[in-house]
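With the hints as your guide, set chain B onto chain A.
Sequence order for the protein chains is A and B. Once you know that position 7 of the first sequence is 6 in numbering that gives the first Met the number 0, the rest is easy, because the numbers rise by one and skip nothing. Once you know that position 14 of the second sequence is 13 in numbering that gives the first Met the number 0, the rest is easy, because the numbers rise by one and skip nothing.
Calculated from the structure, these hints are not laboratory results. Cβ coordinates follow ideal geometry from the N, Cα and C atoms, glycine included. A few of these clues could be false.
With a cut-off of at most 20 Å between alpha-carbon atoms, the simulated PhoX-like pairs for lysine-lysine come out as follows [unchecked claim]: (1) 12/A x 275/B; (2) 369/B x 400/B; (3) 127/B x 115/B; (4) 335/B x 365/B; (5) 26/A x 283/B; (6) 392/B x 33/A; (7) 392/B x 366/B; (8) 275/B x 40/A; (9) 12/A x 40/A; (10) 26/A x 289/B; (11) 392/B x 369/B; (12) 275/B x 26/A; (13) 323/B x 335/B; (14) 275/B x 33/A; (15) 12/A x 33/A.
Here are the in silico distance ranges between beta carbons for each label pair [what the hints assert, rightly or not]: (16) 101/B x 68/A: 39 to 47 Å; (17) 60/A x 132/B: 28 to 36 Å; (18) 302/B x 27/A: 22 to 30 Å; (19) 37/A x 119/B: 40 to 48 Å; (20) 37/A x 286/B: 19 to 27 Å; (21) 68/A x 63/B: 24 to 32 Å; (22) 67/A x 286/B: 50 to 58 Å; (23) 55/A x 129/B: 24 to 32 Å.
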Amino acid sequence: MAKKSFSLENSLKRLEEILQILESGEKDIEESIKLFEEGMKLSTECQAHLQTLEKRVKLLVEKSGGEIGEQDFPESPETAQPGSLFNQE
Amino acid sequence: MEEHIYTVSEIARDIKRVLEQFIAPVWIEGEVSNFTVNRIGHIYFSLKDQTAVLNCTIWRSHSLSIPFQIVNGMRLIVFGNVTTYAMQSQYQLNVQQVRAAGLGSLYLAFEALKKKLSAEGLFDQERKRPIAHYPTKIGLITSQIGAALRDFLQVSRRRNPAIAIYLFPALVQGNEAAATIIRGIQIFNQLQNVDFIVITRGGGSLEDLWTFNEEPLVREVAQSSLPIVSAVGHEVDFTLCDFAADLRAPTPSAAAEMTIPERAHLIYIINEIRQKMGQTITNKINNILKEIANITKRLFLNRPLELLHQRIQRVDELEMQILKSVRNRVQFIKTKLENFRKTLEVMNPRAIMERGFAIVYHWPDKKIIKSIMMLSVGEQVGVELNDGEFQAKTETIRPRKKLKE
Numbered sequence: 000m001a002k003k004s005f006s007l008e009n010s011l012k013r014l015e016e017i018l019q020i021l022e023s024g025e026k027d028i029e030e031s032i033k034l035f036e037e038g039m040k041l042s043t044e045c046q047a048h049l050q051t052l053e054k055r056v057k058l059l060v061e062k063s064g065g066e067i068g069e070q071d072f073p074e075s076p077e078t079a080q081p082g083s084l085f086n087q088e
Numbered sequence: 000m001e002e003h004i005y006t007v008s009e010i011a012r013d014i015k016r017v018l019e020q021f022i023a024p025v026w027i028e029g030e031v032s033n034f035t036v037n038r039i040g041h042i043y044f045s046l047k048d049q050t051a052v053l054n055c056t057i058w059r060s061h062s063l064s065i066p067f068q069i070v071n072g073m074r075l076i077v078f079g080n081v082t083t084y085a086m087q088s089q090y091q092l093n094v095q096q097v098r099a100a101g102l103g104s105l106y107l108a109f110e111a112l113k114k115k116l117s118a119e120g121l122f123d124q125e126r127k128r129p130i131a132h133y134p135t136k137i138g139l140i141t142s143q144i145g146a147a148l149r150d151f152l153q154v155s156r157r158r159n160p161a162i163a164i165y166l167f168p169a170l171v172q173g174n175e176a177a178a179t180i181i182r183g184i185q186i187f188n189q190l191q192n193v194d195f196i197v198i199t200r201g202g203g204s205l206e207d208l209w210t211f212n213e214e215p216l217v218r219e220v221a222q223s224s225l226p227i228v229s230a231v232g233h234e235v236d237f238t239l240c241d242f243a244a245d246l247r248a249p250t251p252s253a254a255a256e257m258t259i260p261e262r263a264h265l266i267y268i269i270n271e272i273r274q275k276m277g278q279t280i281t282n283k284i285n286n287i288l289k290e291i292a293n294i295t296k297r298l299f300l301n302r303p304l305e306l307l308h309q310r311i312q313r314v315d316e317l318e319m320q321i322l323k324s325v326r327n328r329v330q331f332i333k334t335k336l337e338n339f340r341k342t343l344e345v346m347n348p349r350a351i352m353e354r355g356f357a358i359v360y361h362w363p364d365k366k367i368i369k370s371i372m373m374l375s376v377g378e379q380v381g382v383e384l385n386d387g388e389f390q391a392k393t394e395t396i397r398p399r400k401k402l403k404e
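Isolated chain B (complex conformation):
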């Protein structure tokens, strides 16, 4: 019997058939190494344990559905079928599904994606949009049967029942969850009917919360035009959705506490503003009334006619003063004159003669004799008295002794 001689291709094809036929698609656990992604999106890596290595490929069509970032050192559980790569005389696993094996792996994935998106600037503070301080409409994305919804509504009702809440029912756990939440974000952004979006769910394990670490969701949150508040998990749980959101709240209740102002407080603020506005405008009006009163008063004081009257009065006053002064002066002069006249009168020889004195003069030439030296005995003299004169003749002449001294 003649032996059949195989070509290389023939034996490769048989090996392929045997492998694919006898090894059904299986779940395999191992540690990732040599991880690479080519430029069209196919993923290549190896799974290994202590004694063996298995090459793995994830075609682009499957790679897009992996919910986390694969990194070297991560433990994975993958599902796929064993096949061959005849060009290199290799066998390998075509991976269809991927799960992280254990928390450590998810944590590695979390850190890897966080690092990548952070480098892209998705978590930058400058990207954060302000959350409306006084919202009237809030878009809520959460499970409609979860405790998160109940908590949020309770607090929101207590603080301000006038706020309208639009609920987009989403899945918050599992493979489909991220897609429903993304849809919610898109719908609110399309409707633009709310002030901001709150994405929330209650606490859970890292796996439970994994939806909120999936890259497409984190990117959608970052690029939403409406601001987003993320309240995922409980207190200590952080997700990448929290980092990408504009505000992170530690719990669903806290999200309501932080974003919804109390109605009583708002009413107080508004009343206070009304009161202050009223006070200010009243003051303003009062000031203006005061000013008007002031101006009126000044106008009255400065009336031109009034001024003219004042001037006329002043002229009258001055005139009177002048008259009085002139009169005084005339009176003064009159008095002076009178005194002078009286003095003159006193000095008039006639007045002296009225008091009994006489004037003696030579007869007939009427030359007044002022001294006995002008006389001789027997001389004819005239004597004039107050009421007439007479002729006389000197008998004796006696000088006054005292005068000689």
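Bound conformation, chain A alone:
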């Protein structure tokens, strides 16, 4: 199952928010440094997420008894291209 704790959506939203507060200059230096540290931590998490290699497609399977299982979905060669950051574009 995917990690519940990380949400790119929420992280990016918070990052935009932090940048906006920092740029407004309304917080004192102590607060600003705290925000800056939070922002750097969040953005590092986002970068780490984006640099993960290709995720396999998971096939959901209903077992008898209504339980849901997961299997790797066998992709055809044309869809399963190696995903590396460096061969994009």
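Here is chain B on its own, set in the frame of chain A:
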């Protein structure tokens, strides 16, 4: 032979038996009229052509499985058995299966259901939930052997391979299709393991795509708590599932294009934010350092001891100025006095006598003689010079002529 006399019920029962025995269940095509649904869900209508009318009933147990809305004027092909309704001396068809006859009929059904669900507000813009802009996990409901799946995965891999895709394999055509898709929606909503659901299939005829116009599926899409993207058919195909979904994409590929942000773009955005945050915080720190330097400088300038020293110096200066001024004044007075003294000295008769002048006075009373009028010839006078005096006697007296003028 005595003739048997039937009761009404007896003949009705025989008619019923003959009809049911000799007319096997059949497929019949006709146009719908007098369509009504009673309050427990049985459906009544007539099928007609140019010369005949056939009453039809669909019991509730069968009516639920009809995949579309029946409306008057629609051409239907129905399957059922002929039976009688003895109370009204009528025969009628008990319908078990229903098909639309031709595109026109499906189109009527489409419009009818669209109107009904629209009136219920299922397609209202306010109901639409926002689709996550930066998803990490997407639930995909489609056929695992379709071109739609291949297209979606291809585009999704190209744009951002870091996104996890969960595939619920469904049927996308046929009688069972809607139920499998509904099941998929329910499972994702139960697991809550994705940011949103994409329901997709490739293009096809109105009949092929009919699954996505079935009322139970359209309702499930509308009530899903996870946002749903509908990409059914190709470009021009619209289904009620599209209307009920939170976002409609014209093709499976377009669904991936629209919902999956490019990884390179995301990396750029994040780097830009990091850079801006760094710049801002650096500026802030620099400003504070500048401020500290400024305050230090001002503190130095305003040191109290320094100020005291300055005051003392000023007092010294003033003192000196005063002293100097007094000294000048004294000097001035001294000079004045000296000049005065010199003047006095010049005016001293003794000083005049030193230059050869004499004072003449009466002898012996020493009264100074200032005019010849005070003298007579032979008179005794005293003459005082610078260094002594002597006695003398006047011989002649001559007035100075010039003075008379």
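>> Under the constraints set out in the numbered hints, which ones does this structure not fulfil?
In response: Hints 4 and 6 contradicted; others consistent.
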